[in-house]
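S.K.: Sequence:
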Amino acid sequence: MTYPSSNPVNKHDLVSTVDVSVSRLLPSLEPKTLPNEAATIVASPPSSSKYTKCISTIYTYSDSPSTPRPLYPKLPIFGFCTLSSIGLSSPSFMEPSIEGMTTCRVAVKRADGDHKRHLKEKDIINCQKFSYLCKQLRDHESSAYFLCAKTQRAGFIVAMDDTVDGGDYAAYCLVTDVSDLERILCSSSEEANGSSSPQFVPTTPPYVPSTPPYEANNDVTEANNTDSTGLWQPPSANDDTNNLWQPSTPEHDASGGDTFTNTFAMSDYTSNNDDGNNNGDQKFNNDDPPKEDDEENHFHGDSGARAADNFYSNLTRSMGTRADSSLYHMRNFNGWVKATQIAELDPLTINSNSNSNKRKATRHPLRIVDLACGKGGDIGKWVLHKRGIANYVGVDVARGSLVDAAIRARKMKRQLGDKCVFTCADLGADVPGRLKTKSSTKMQKLSSWSLKNDDPSQDPKFSFVRGGGISETDKFDVVSIQFAIHYMMSSVTRARRFFHTVSELLEIGGNLIATTIDSRVVMQHMMNTGYNFHFDEESEKDGLTVSVGNGACQLKFTRNIVEKIFTRSNYESENGLNPDYFGLEYTFTLVEGEDHAAGVGQAVDLPEWLTPLPVLTALAKEAGLELEYASNFHEFFNERTDHYAHHAAHGALYNMNVLNRSGTISDQEWEISRMYMAVKFRKKSESKIVISQDDTEEEDSDGESESVVSNPVPTSKSPQHDQSKFFLAMKKARQICGSEWQNMNADERNAKTKEILSKL
7 MTYPSSNPVN KHDLVSTVDV SVSRLLPSLE PKTLPNEAAT IVASPPSSSK YTKCISTIYT
67 YSDSPSTPRP LYPKLPIFGF CTLSSIGLSS PSFMEPSIEG MTTCRVAVKR ADGDHKRHLK
127 EKDIINCQKF SYLCKQLRDH ESSAYFLCAK TQRAGFIVAM DDTVDGGDYA AYCLVTDVSD
187 LERILCSSSE EANGSSSPQF VPTTPPYVPS TPPYEANNDV TEANNTDSTG LWQPPSANDD
247 TNNLWQPSTP EHDASGGDTF TNTFAMSDYT SNNDDGNNNG DQKFNNDDPP KEDDEENHFH
307 GDSGARAADN FYSNLTRSMG TRADSSLYHM RNFNGWVKAT QIAELDPLTI NSNSNSNKRK
367 ATRHPLRIVD LACGKGGDIG KWVLHKRGIA NYVGVDVARG SLVDAAIRAR KMKRQLGDKC
427 VFTCADLGAD VPGRLKTKSS TKMQKLSSWS LKNDDPSQDP KFSFVRGGGI SETDKFDVVS
487 IQFAIHYMMS SVTRARRFFH TVSELLEIGG NLIATTIDSR VVMQHMMNTG YNFHFDEESE
547 KDGLTVSVGN GACQLKFTRN IVEKIFTRSN YESENGLNPD YFGLEYTFTL VEGEDHAAGV
607 GQAVDLPEWL TPLPVLTALA KEAGLELEYA SNFHEFFNER TDHYAHHAAH GALYNMNVLN
667 RSGTISDQEW EISRMYMAVK FRKKSESKIV ISQDDTEEED SDGESESVVS NPVPTSKSPQ
727 HDQSKFFLAM KKARQICGSE WQNMNADERN AKTKEILSKL
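Everything in the sequence shown is counted per our numbering, starting at 7 for the first residue and increasing by one.
Treat the hints as calculated values from the structure; they're not laboratory data. There is no bait here: all hints are sound.
The calculated DSSO-like cross-link candidates involving lysine-lysine, where the alpha carbons are at most 27 Å apart (straight line), are:
id: 1; residue 1: K17; residue 2: K56
id: 2; residue 1: K115; residue 2: K80
id: 3; residue 1: K627; residue 2: K694
id: 4; residue 1: K481; residue 2: K344
id: 5; residue 1: K122; residue 2: K17
id: 6; residue 1: K627; residue 2: K344
id: 7; residue 1: K425; residue 2: K686
id: 8; residue 1: K570; residue 2: K737
id: 9; residue 1: K419; residue 2: K38
id: 10; residue 1: K344; residue 2: K690
id: 11; residue 1: K80; residue 2: K135
id: 12; residue 1: K467; residue 2: K425
id: 13; residue 1: K451; residue 2: K419
id: 14; residue 1: K417; residue 2: K387
id: 15; residue 1: K141; residue 2: K126
id: 16; residue 1: K694; residue 2: K442
id: 17; residue 1: K128; residue 2: K141
id: 18; residue 1: K141; residue 2: K59
id: 19; residue 1: K448; residue 2: K467
id: 20; residue 1: K141; residue 2: K38
Label-pair distances were calculated between CB atoms; the ranges are:
id: 21; residue 1: K425; residue 2: D129; range: 39 to 47 Å
id: 22; residue 1: A367; residue 2: G549; range: 43 to 51 Å
id: 23; residue 1: K128; residue 2: V15; range: 19 to 27 Å
id: 24; residue 1: T535; residue 2: E692; range: 37 to 45 Å
id: 25; residue 1: D120; residue 2: R75; range: 33 to 41 Å
id: 26; residue 1: A49; residue 2: S12; range: 34 to 42 Å
id: 27; residue 1: S68; residue 2: K425; range: 19 to 27 Å
id: 28; residue 1: K59; residue 2: R189; range: 28 to 36 Å
id: 29; residue 1: S12; residue 2: G423; range: 18 to 26 Å
id: 30; residue 1: S691; residue 2: R75; range: 45 to 53 Å
id: 31; residue 1: S12; residue 2: T535; range: 54 to 62 Å
id: 32; residue 1: A49; residue 2: K128; range: 35 to 43 Å
Heads up, the beta-carbon is just placed ideally off N, CA and C, and yes, glycines get one too.
Generate coordinates for the entire structure from the input sequences, incorporating the hints supplied.
M.R.: Right, here's the structure in full:
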């Protein structure tokens, strides 16, 4: 959060007795003694004449508590507590949070830069007094404790990080009722000492992977380059790097890769400048749905979705083991990209859920669909968004991960309210909140959990509900899918189903954001391996492996896939929806360290599918979405090096532990980070994709089903019409061949499809 930009709503005096010293931060208070002292003060309020010192006059804003009454005009400061003693970390650009307390902002008029010349002398003095208090609290990592006997409210004033614009003249204020103070402080103290316990204790032991430890090379960066001794301090403001760390990679490497004369590297679009431990066998309580819907209740017909469910449900990774990873700072850099991408979102949409008759696009609290939400690790990023949250729906294929996500959401109930749902679904096949086809009469039943109906004393209970907790009238401002959109690219069917569902859920003007492997960079690495791409009898028989980061990151392609990528398609159409551009499977392996049993071994070892940018843009266009940017992670970083234009992103580099002790990240981690890109789309119109009844059939075990049909313009000269005829021919060919279709290779399938196509 930043210095408030809205008008203040109330004015308050920070007062104290003569015993309180801001310069020495005395008296120093112990949180465990505060509840009893507060009860005594409330029972026998001291005379107002006792508070002879006025530390500063401050303002509160619309985010301050107003029920049952606003904060009292006088807020007596009784002393100071260290941040760690009340369960908070060092001051940061992120809003501090203590469960059970309301966080708001307090501020004085700004007296920095040009602001000062517009102030009266008394206002300047008041600003300087408050600024001194904030600097003292920040430098000593402390908070000021206040208590108002009249309103029976208590709280803490916490300084903002010094990277926040205007941060010396604003602070956070955490407020609660005196009656809740003991419970809150005891809970926060336990968390600070590492002795807190969850609301329930799972009944199953932690999952322990059976894969043997990875034999790491000696030249791989060790895991001791963490920030365990505290945050690295940025250089002075005189540094021409704008206080931002500079990677060791040469400047020419900042792009997403060179352009190739190949569909997987070329695009008409360029970027503009405009997790807690997981128990693998967690109980997943599903109420048995009616028998007539049994065909909907088995999980994940697609083999890729089943593999992802099994892997991520059984993945063990905690905050403690993350710091032991040799890729710790790269993961934090990836998190920084996500956090920055989320923070910069500001879609202008119509709030169709509003009761207002005015159908005007506004900037209301966000309605979010978080696809591939995993254990809910991004919820914290969403609740910090400047526009707030009106509705949050998390969707994931991994049932075990969703249990952990539900537990996490319980702890953030104050920020989320009741509008939080988690649903188990495979977005390449399942359709939450909408009919699967135009001929469907009922929405699909999906296993879901709702914070509104949750019993926090029990394990999170998932049950089958129609729409997966999303009604047919629900619309959303943002759909996010982080590091998972490649799972949608195993076939045309899955990809089109996914984009059509996303478009249906999005409001006009809403955004789809994603992060995924950058196919442009993958192609560059493939072409630099020295592989024989002639594919004749004397060419190599083995597949191709792209290896980066001293072998810590590997993408393994079979020879058939390599040939499919580098051999020109026999199909005449060169648009992004050519079936040959889908199903480009590779095995992705990311090795983080040697202690696999502790969650620091092979982090990912799953089949994935290449995601060419032109294919994404073609799919999006058909679904009514327009690409706004596609930035390689290196490019994404370089676009935000200006400290003044991107001060929040700049501060997050330090607060999210992106940097190691040397103020950078290792060459190994920086090289791996270049394998990813961030994309953002905006919905301009409704989807033109039509899902037929045949498309709702269960996909084949290998994930290859090519039967989704678009809505083409009925003219023989239209490429889209030709494309539609091709898919119709493929569907007929598949029906004629029956089970033999699975045993045919791509060339045989194309030949059979063309045979049918010639008869249409």
